[in-house]
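Colleague: Chains as they are written, first to last, in the numbering used here: chain A, 16 to 268; chain B, 16 to 268; chain C, 16 to 268; chain D, 16 to 268; chain E, 16 to 268; chain F, 16 to 268.
One should not assume that every hint holds.
It does not matter which identical chain is meant; a pair holds if it fits inside one copy or across any two.
Result set (SDA-like, lysine to any residue): computed pairs, CA atoms no more than 20 Å apart in a straight line [as the list claims (entries may be wrong)]:
no.: 1; residue 1: 205; residue 2: 171
no.: 2; residue 1: 196; residue 2: 122
no.: 3; residue 1: 196; residue 2: 207
no.: 4; residue 1: 205; residue 2: 240
no.: 5; residue 1: 205; residue 2: 154
no.: 6; residue 1: 205; residue 2: 229
no.: 7; residue 1: 205; residue 2: 236
no.: 8; residue 1: 205; residue 2: 216
no.: 9; residue 1: 196; residue 2: 118
no.: 10; residue 1: 205; residue 2: 168
no.: 11; residue 1: 196; residue 2: 215
no.: 12; residue 1: 196; residue 2: 150
no.: 13; residue 1: 196; residue 2: 259
no.: 14; residue 1: 196; residue 2: 125
no.: 15; residue 1: 196; residue 2: 164
no.: 16; residue 1: 196; residue 2: 167
no.: 17; residue 1: 196; residue 2: 154
no.: 18; residue 1: 196; residue 2: 169
no.: 19; residue 1: 196; residue 2: 16
no.: 20; residue 1: 205; residue 2: 233
Everything labelled a hint here was simulated from the structure, so no lab data went into it.
Here is how the chains run, residue by residue.
Protein chains: 6
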Amino acid sequence: MRENRLRQLWRENRTAVNGWLAIPSAFAAEVMAHQGWDTLTVDMQHGVVDYQAMVTLLQAISTTATEPLVRVPWLDPGLLMKTLDAGAWGVICPMINTRDDAARLVAWTTYAPRGARSFGPVRAQLYGGADYPAHADATIVRFAMIETAQALDQIDAILSVEGLDAVYVGPSDLSLSLGCKPSFDDVEPKVAQAIDHILERAHAHGVVAGIHNGSVEAARARAARGFRFVTVSSDARLLAAGSQQILQRMRAP
Amino acid sequence: MRENRLRQLWRENRTAVNGWLAIPSAFAAEVMAHQGWDTLTVDMQHGVVDYQAMVTLLQAISTTATEPLVRVPWLDPGLLMKTLDAGAWGVICPMINTRDDAARLVAWTTYAPRGARSFGPVRAQLYGGADYPAHADATIVRFAMIETAQALDQIDAILSVEGLDAVYVGPSDLSLSLGCKPSFDDVEPKVAQAIDHILERAHAHGVVAGIHNGSVEAARARAARGFRFVTVSSDARLLAAGSQQILQRMRAP
Amino acid sequence: MRENRLRQLWRENRTAVNGWLAIPSAFAAEVMAHQGWDTLTVDMQHGVVDYQAMVTLLQAISTTATEPLVRVPWLDPGLLMKTLDAGAWGVICPMINTRDDAARLVAWTTYAPRGARSFGPVRAQLYGGADYPAHADATIVRFAMIETAQALDQIDAILSVEGLDAVYVGPSDLSLSLGCKPSFDDVEPKVAQAIDHILERAHAHGVVAGIHNGSVEAARARAARGFRFVTVSSDARLLAAGSQQILQRMRAP
Amino acid sequence: MRENRLRQLWRENRTAVNGWLAIPSAFAAEVMAHQGWDTLTVDMQHGVVDYQAMVTLLQAISTTATEPLVRVPWLDPGLLMKTLDAGAWGVICPMINTRDDAARLVAWTTYAPRGARSFGPVRAQLYGGADYPAHADATIVRFAMIETAQALDQIDAILSVEGLDAVYVGPSDLSLSLGCKPSFDDVEPKVAQAIDHILERAHAHGVVAGIHNGSVEAARARAARGFRFVTVSSDARLLAAGSQQILQRMRAP
Amino acid sequence: MRENRLRQLWRENRTAVNGWLAIPSAFAAEVMAHQGWDTLTVDMQHGVVDYQAMVTLLQAISTTATEPLVRVPWLDPGLLMKTLDAGAWGVICPMINTRDDAARLVAWTTYAPRGARSFGPVRAQLYGGADYPAHADATIVRFAMIETAQALDQIDAILSVEGLDAVYVGPSDLSLSLGCKPSFDDVEPKVAQAIDHILERAHAHGVVAGIHNGSVEAARARAARGFRFVTVSSDARLLAAGSQQILQRMRAP
Amino acid sequence: MRENRLRQLWRENRTAVNGWLAIPSAFAAEVMAHQGWDTLTVDMQHGVVDYQAMVTLLQAISTTATEPLVRVPWLDPGLLMKTLDAGAWGVICPMINTRDDAARLVAWTTYAPRGARSFGPVRAQLYGGADYPAHADATIVRFAMIETAQALDQIDAILSVEGLDAVYVGPSDLSLSLGCKPSFDDVEPKVAQAIDHILERAHAHGVVAGIHNGSVEAARARAARGFRFVTVSSDARLLAAGSQQILQRMRAP
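If we strip away everything but chain A, and leave its shape as in the complex, we get (with noise of 0.2 Å):
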């Protein structure tokens, strides 16, 4: 079976750097995987983008050696199978605030009997090869973001669930929960402090820390304490950020 980068990376302990697709196109998803990210992440949950498109932007992505993740829009086990199926390599759930759901995280995305992953890996076959089922399991990685006041209250418990590889911060959501204002990089200080409670607790646990950051500098300074899977802008992001540079320096004087 296709080796999982993202497993190597971590074992080498480094950061890999996460571009994010929120932009429903195939070829869009192509431009963004032949430059080079460790990883691309496909978003479902605030992505413009539903399963059938998310198919097409892992083909895309499967024309380079980056590494396809999908982020789901809930913790629904049908839509969770069906992503892994379509050949995910990697999947981050959101709104992880419990140990019970951190266990249904990986019960789902685990084959029985380990798991109750139902079987039927049509493209996930393709790209992997013929041995995917043997070693999916260990093969396929389970981020659990972190991203309410509930979690942080659990995070030892939801940590603990065997199987879960790792663990990704919302900062955003994070914020809101605790009744901050939402950022991805300036957040308030009680936000700073719950995001290395959960680096440190993540350390403790032998679990991974991602985070979702808005520029280069806080996904570099968040890398050098500890996390080990970057976002940085999406690709939507990128289009607009473009558009706003160059309109600024064409209508400067």
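Using the hints, position chains B, C, D, E and F against chain A.
Modeller: The following block gives chains B, C, D, E and F in isolation, referenced to the frame of chain A:
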């Protein structure tokens, strides 16, 4: 943030005339949107419309001043949030049968810390403006469908949920649930009484009442009685009815 | 091979009532197809329909007994042939202005050695049966649009092309070309005379005459004068007209 | 209402030969539908097919007499109802593990007051006829997949749910759940015994038994033992197997 | 009819800053359209965009005040007309090499009797208003691309065609045609001279000159010399450049 | 630039085994591409595939080492160039009947100043590498289809066009054009002689010869005679043939 004209109509105690979209075509939706409906509802429950198609219908509606609403297929957090992120200015949720159902509907469409909506209004912010996060909770309209015997039973409990803006009566399902024949307009007496009761209780709770209609006659009569949101027909029905009318007249002797 | 009901209607000297599809949605087309139109024409010229969408509309029509026709965007061999391969039982070609135009239309829709249609009826054979290749030439209907002053001038030359089954009058373009205001039904006298002339010459050559109409009244009047293929309205117009009717009645005092 | 040929085959104690669609292409589905399968199942669970694509596959199947079935991705009320509204004449639901699961499957596919299916058969009524609402409950076929150790344990409780028409055995998942290697046909003895048991209990409860097969041999053997619904291969497998056969023969010395 | 802001900019002797769309995604186009470009050009020639996708991009642009233009793939009457019917407020046509090419471009985009554009502005009328037919000829902008040695040779003949509003220089193709290396900005001297010549002749004929640029620097310099329509970069290039910038900074030591 | 494996096979005097794609599904194409065909040809002429679908099929093929070719619907400059820009490593052009046809095919697929291909390899450069512009002319393969009596007549004139890499025989159209029954393999003697003649003349001119086949037997026999590019069957035919085989065996007594 772009205002919600529906709320404005209601402040003026006027009735919104709502069109209904079951056809998954942005061009068809654009034709509909240019006719002057106050609101157009994309029907993801019984319409032939999934998330990805729904986004294109919202884009089509956004070329006009008509207000875009969406009926979601079910009380599902992932899809409710994706729908709002896509720029729906209101959601209609089917089968709200208990106070708990209604409370979840409100929570999943309201940002933390008051609610549990996850943050990432990717298209809504384009459509509504950069200050969307600050005003979304107060701008978005939440409709709970009242369409079962159980909901009728629990009507006061449902209506007392804070943040629920409106109820929407589905006469066909309500008829079936009460053991009657499904119908939009010519409902059986038991159903007519139930509808009256819902309207009366909604007014008592200061909640807006809306209803689905098959004809102008029914919609006008119900508006006259106090319904402030009336749907008439649908795109698919217009095609069928218009064709029937032409063919009958062409084949008349 | 599945017969062409349009030819049968003509053999019985009856007028086909044709519906018009400008919306690129197979569901909308399926709704239209279930209403009982004799034929439905997918409009690839002015409709919002490209080849790939057209195929889905033909599939939708194929769920019923309605006869599927296609108006191609231009006299283009590649597209004419793809349209027939996709299972159109007739084609309407715009802007046939000379005998040579008409001859090419016939050649490109007729197999060698009589014509130059390339062989590969991939979907047509599914729809029509394994013996499609043997009967296609005699089953398919070819319409030449007569809609310019030049075509009017060349009408006898056009009509004398062997294999041309029918002409189709486009009153709006014909009006513009004659220096009049575009209109489907209320054409200026100069245009009305031209239409009469086309009809008369078509009959003289044993070629069927068809025409585009905006209303039942115009279509009935023209059918009474001898047009054997009359289009009335279109899917997009039904949506607009139906909506207008509802909104006017809802907003009437 | 259009009858369900599957029920008729069962009344005659005949076995339906079912084809399987994992490719999201209406043209591919139309090719399959024209080959004479008794039923074709659109696989929304492990197939690369979402709701919007599924509708186009149902339209393709509707151009023939083949009966259209859908396997839904999960026991989800919104999607089950949308599937039926789209015109599926039967649904296969995975991972039915308890009596409660089975009861919900039946309720969500049956109209009130007996069940809880919401009313709005937008495409089903086109396909099936205007009297669809009156006959849908008795026409639609409901399959519960039996594919886990838990389901095996609860088999009698599941089979005793009124309104459940059939069970469908997924040999791969059942194998995994029983600690065996996933396989369609050459299952390990423990799995073979389980399959026998399911068949025997289904017969005892008067419920039809169906099963997924990889080969004609397995399907024939199982049909001979009493399975009345046997799937053989799938569209994607036909492409792979057919290609392999050609390439091996082309490259043979 | 909705005015053409591009013509207004030109009347004020201002330079339009044009964005470029090669990605077939209405969401990506909507993101671009909300950034404030004066015009956005959907590139059907070298972009990954066909007619059906183009319509969705025009719809996305129509949610803003940005002016929608389309570069067609070739001087093809069917496609030029479909493009205008879809609501493009201007067309850029590649490879106009002779006076005859230019004359056909103008004729096919102008209604009879002056031109030969067929009548049926199905989406343009929605977008532009009911009086579109009366004002389209004077509102639509027609660009002829000057990008070959032959066109350079025929420049005065081309520019003297009545109704041609503007020329658009393609520096890459012009370079290749003159035997130089393809480049947008750093063109070889022979190409620079040719561009100067085109600009000078356009001014002499009272025709607007536009040009494709890779950078803000080139675009500003060319605008300063008199180009009144300058394209900078494209959506796909923004994704690539933005990603490169992030990855280089993330991987810097 | 990514090399063209097809040219390499030919340098080694080996015959490429080509698969054929008529189904507009990237997933189906991905299944096909993973089976090991030397080349896969997307059929835009008789396949149910338009430009936008074609791009997704090329992306699917690009996930493997199989070489992507495209048959265009007609000798059309706009579409030929878009096809190459999309990343086809070879094009097959139908109905090349004269030296002039062949010369235009070569010119439109070759950059200036030698040819007239417009510059903008938007996806080809992603797939092939940044040096695509320098090497494309020598890497891309151009096939002229020889399939009419006229082409047979003009065979030496066609074959002598510099830059034409290969001819491709369409036995069905050639049969029709010679007044015979259409067939891929069991062609009538007159057609067999014509095919022999084409092969012989191609060799004399140093041009590769390819041919369409329905069966392995025909393909092997023709490869043995010197055809260096043989197509066998197609995706749609594999679905039909595989289904037929299963159904016949299931229904055998």
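Colleague: None of the hints should be skipped; say for each whether it holds.
Modeller: Here's how the hints hold up against the structure:
1. Taking the shortest Cα distances, residue 205 and residue 171 sit within 20 Å of each other inside one copy (19 Å), while across copies they are farther apart (39 Å).
2. For a Cα distance limit of 20 Å, the shortest separation of residue 196 from residue 122 across copies, 18 Å, qualifies, whereas the shortest one inside one copy, 34 Å, does not.
3. For the identical chains of this complex, residue 196 and residue 207 are intra-copy neighbours only, at 12 Å inside a copy versus 47 Å across copies, given an alpha-carbon limit of 20 Å.
4. For a Cα distance limit of 20 Å, the shortest separation of residue 205 from residue 240 inside one copy, 18 Å, qualifies, whereas the shortest one across copies, 52 Å, does not.
5. Taking identical chains as interchangeable, the C-alpha atoms of residue 205 and residue 154 are never at most 20 Å apart, the minima being 35 Å within one chain and 28 Å between chains.
6. Taking the closest pair of Cα atoms, residue 205 and residue 229 come within 20 Å of each other only inside a single copy of the chain (19 Å); across copies the shortest separation is 45 Å, beyond that limit.
7. Taking the shortest Cα distances, residue 205 and residue 236 sit within 20 Å of each other inside one copy (18 Å), while across copies they are farther apart (49 Å).
8. In this homomeric assembly, residue 205 and residue 216 come within 20 Å of each other (Cα to Cα) only inside a single copy, at 17 Å, whereas the closest approach across copies is 44 Å.
9. For the homomeric pair residue 196 and residue 118, neither the shortest alpha-carbon distance inside one copy (30 Å) nor that between copies (24 Å) is at most 20 Å.
10. Taking the shortest Cα distances, residue 205 and residue 168 sit within 20 Å of each other inside one copy (14 Å), while across copies they are farther apart (44 Å).
11. In this assembly of identical chains, the alpha carbons of residue 196 and residue 215 never lie at most 20 Å apart, being 23 Å within a copy and 40 Å across copies at closest.
12. With identical chains, the CA atoms of residue 196 and residue 150 are at most 20 Å apart between copies only, with a shortest distance of 13 Å across copies and 42 Å within one.
13. In this homomeric assembly, residue 196 and residue 259 never come within 20 Å of each other (Cα to Cα): the closest approach is 24 Å inside a single copy and 30 Å across copies.
14. For the homomeric pair residue 196 and residue 125, the shortest alpha-carbon distance between copies (15 Å) is at most 20 Å, but the shortest distance inside one copy (37 Å) is not.
15. For the homomeric pair residue 196 and residue 164, the shortest alpha-carbon distance inside one copy (14 Å) is at most 20 Å, but the shortest distance between copies (42 Å) is not.
16. With identical chains, the CA atoms of residue 196 and residue 167 are at most 20 Å apart within one copy only, with a shortest distance of 17 Å there and 39 Å across copies.
17. Taking identical chains as interchangeable, the C-alpha atoms of residue 196 and residue 154 lie at most 20 Å apart only when they sit on different chains, with a minimum of 19 Å there against 37 Å within one chain.
18. When the C-alpha separation of residue 196 and residue 169 is checked against a cutoff of 20 Å, the pair qualifies neither within a copy, at 22 Å, nor between copies, at 37 Å.
19. Proximity of residue 196 to residue 16 under the C-alpha cut-off of 20 Å is restricted to the inter-copy arrangement: shortest distance 17 Å between copies versus 44 Å within a copy.
20. Proximity of residue 205 and residue 233 under a CA criterion of 20 Å is satisfied intra-copy only: 17 Å inside one chain copy versus 47 Å between copies.
Hints 5, 9, 11, 13 and 18 from the earlier list are contradicted by this structure; the remaining hints agree with it.
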